[in-house]
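First residue of the sequence shown? That's 45 in the working numbering, and the numbers climb one at a time after it.
If you're looking for bench data, these hints aren't it; they were derived computationally from the structure. Just so it is clear, the structure is predicted and the values come from calculations on it, not from any experiment. Heads up, a few of these hints could be off.
[Stated by the list, open to error] Cross-link-like lysine-lysine pairs, in silico, DSS-like; alpha carbons within 30 angstroms at most: (1) Lys-196 / Lys-75; (2) Lys-310 / Lys-321; (3) Lys-190 / Lys-321; (4) Lys-303 / Lys-190; (5) Lys-103 / Lys-242; (6) Lys-75 / Lys-303; (7) Lys-309 / Lys-242; (8) Lys-196 / Lys-303; (9) Lys-310 / Lys-190.
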Amino acid sequence: MSVVSAILLLAYNRWDLVERRLFELAESRVKPTDVVLSVDGSVDPEFNRMREAHVYRLKNLDLPFEFEVILRPINLGCSSHIITAVTETLNRYESVIVIEDDVSVSPFFLESMNETFDLIGRHDDVGTIGGFSTFHKRCHFPLFFKGNYWRKTSYFSAWGWGTTREFWRSFIRVSEIDDLNEYLSRSSTWSNFSRRKKAIWLRRFNRGVWDFNVQLTLFRNDKFNLLPALRIIDNEGFSDERSTHTKHRRPRNLFGEGKSNEIPKKIEEFRYSPLRKIFWGFVDSNLWAADGLFNTRGREAGVRTMIRKMFNHFKF
Numbered sequence: 045m046s047v048v049s050a051i052l053l054l055a056y057n058r059w060d061l062v063e064r065r066l067f068e069l070a071e072s073r074v075k076p077t078d079v080v081l082s083v084d085g086s087v088d089p090e091f092n093r094m095r096e097a098h099v100y101r102l103k104n105l106d107l108p109f110e111f112e113v114i115l116r117p118i119n120l121g122c123s124s125h126i127i128t129a130v131t132e133t134l135n136r137y138e139s140v141i142v143i144e145d146d147v148s149v150s151p152f153f154l155e156s157m158n159e160t161f162d163l164i165g166r167h168d169d170v171g172t173i174g175g176f177s178t179f180h181k182r183c184h185f186p187l188f189f190k191g192n193y194w195r196k197t198s199y200f201s202a203w204g205w206g207t208t209r210e211f212w213r214s215f216i217r218v219s220e221i222d223d224l225n226e227y228l229s230r231s232s233t234w235s236n237f238s239r240r241k242k243a244i245w246l247r248r249f250n251r252g253v254w255d256f257n258v259q260l261t262l263f264r265n266d267k268f269n270l271l272p273a274l275r276i277i278d279n280e281g282f283s284d285e286r287s288t289h290t291k292h293r294r295p296r297n298l299f300g301e302g303k304s305n306e307i308p309k310k311i312e313e314f315r316y317s318p319l320r321k322i323f324w325g326f327v328d329s330n331l332w333a334a335d336g337l338f339n340t341r342g343r344e345a346g347v348r349t350m351i352r353k354m355f356n357h358f359k360f
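Can you build the whole structure from these sequences, using the hints too?
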């Protein structure tokens, strides 16, 4: 393993979760190095003063590694904070592994991610890597899980991810793009989407949320995201009122809580397994990216909606 990436831990007000993440990193099979904790600021001066007390306590934890702390003087907000922190880190390092405070990582997460940065040196069509999967046990769909492996997908995952300085150079904030259709016009990935899918994603891009912005960069540059078949991270921020996007209950499409104890090794290209390719295409579009016909969140005008509209049109 030759690549050792910087580790960027992102936080705001969930100090208990930050502490858990630091102890998880301490239990990693490889010793963490170049760890940066970036904490967003607040409009409340008292909140900002309290941050220093929390950081002092964290700095005095019994950890086998040191970490740098960046306290943002103002409230950047979730999206701007992440984009700013990733950009700053990649100005200093060749690659970065990004962990938000509610993303729990396995003991071999760092090792797997660093090894995968080595692997993608031979895959110039990969822009990002991550530790997420909808599944964490082989028994969910045993036909497709003879072991854990890496796979290419067109869709980004924001939970425990990493990228390189080279890819991030192509990142442009949505607010800086005058015409999204023109910006995406040279993308083969985008041109293969249906009008319905394009409409879904254009609405999302215009919201300016950071992970949709990374997704836009992947589409625009015809790059893939690399994910494991069985997840090596989990999100524990559901049903937490302090969360920005996960205040709701844990979705059923995550098939329960937990992380796989199997280390993904090789990149599966699916050349000789078309059934797996079809399976993952359905999973990505309908259980995760939510732009498939069978996903209620991404449907917009999917199967049931279209049937209802047809019935209403022809009824007397």
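Results of checking the hints against the structure:
As the CA atoms of Lys-196 and Lys-75 are separated by approximately 28 angstroms, the hinted pair is consistent with the 30 angstroms bound. Among the hinted pairs, Lys-310 with Lys-321 is consistent with the structure: their alpha-carbon atoms are about 16 angstroms apart, no more than 30 angstroms. At most 30 angstroms may separate the alpha-carbon atoms for a hinted pair to count; Lys-190 and Lys-321 meet this at roughly 15 angstroms. For the proposed pair Lys-303 and Lys-190, the alpha carbon gap of about 16 angstroms is at most 30 angstroms, so the pair holds.
Taking the CA atoms of Lys-103 and Lys-242, the gap is near 46 angstroms; set against the 30 angstroms cutoff, the hint is violated. Taken as a hint, the Lys-75 and Lys-303 pair is honoured in the structure, with Cα atoms around 20 angstroms apart against an allowance of 30 angstroms. This hinted pair does not check out: Lys-309 and Lys-242 have alpha carbons roughly 34 angstroms apart, beyond 30 angstroms. Of the pairs offered as hints, the one joining Lys-196 and Lys-303 holds, with about 20 angstroms between alpha carbons and a cut-off of 30 angstroms not exceeded.
Of the pairs offered as hints, the one joining Lys-310 and Lys-190 holds, with about 13 angstroms between alpha carbons and a cut-off of 30 angstroms not exceeded.
Violation of the numbered hints given earlier is confined to hints 5, 7; the remaining hints are satisfied by the structure.
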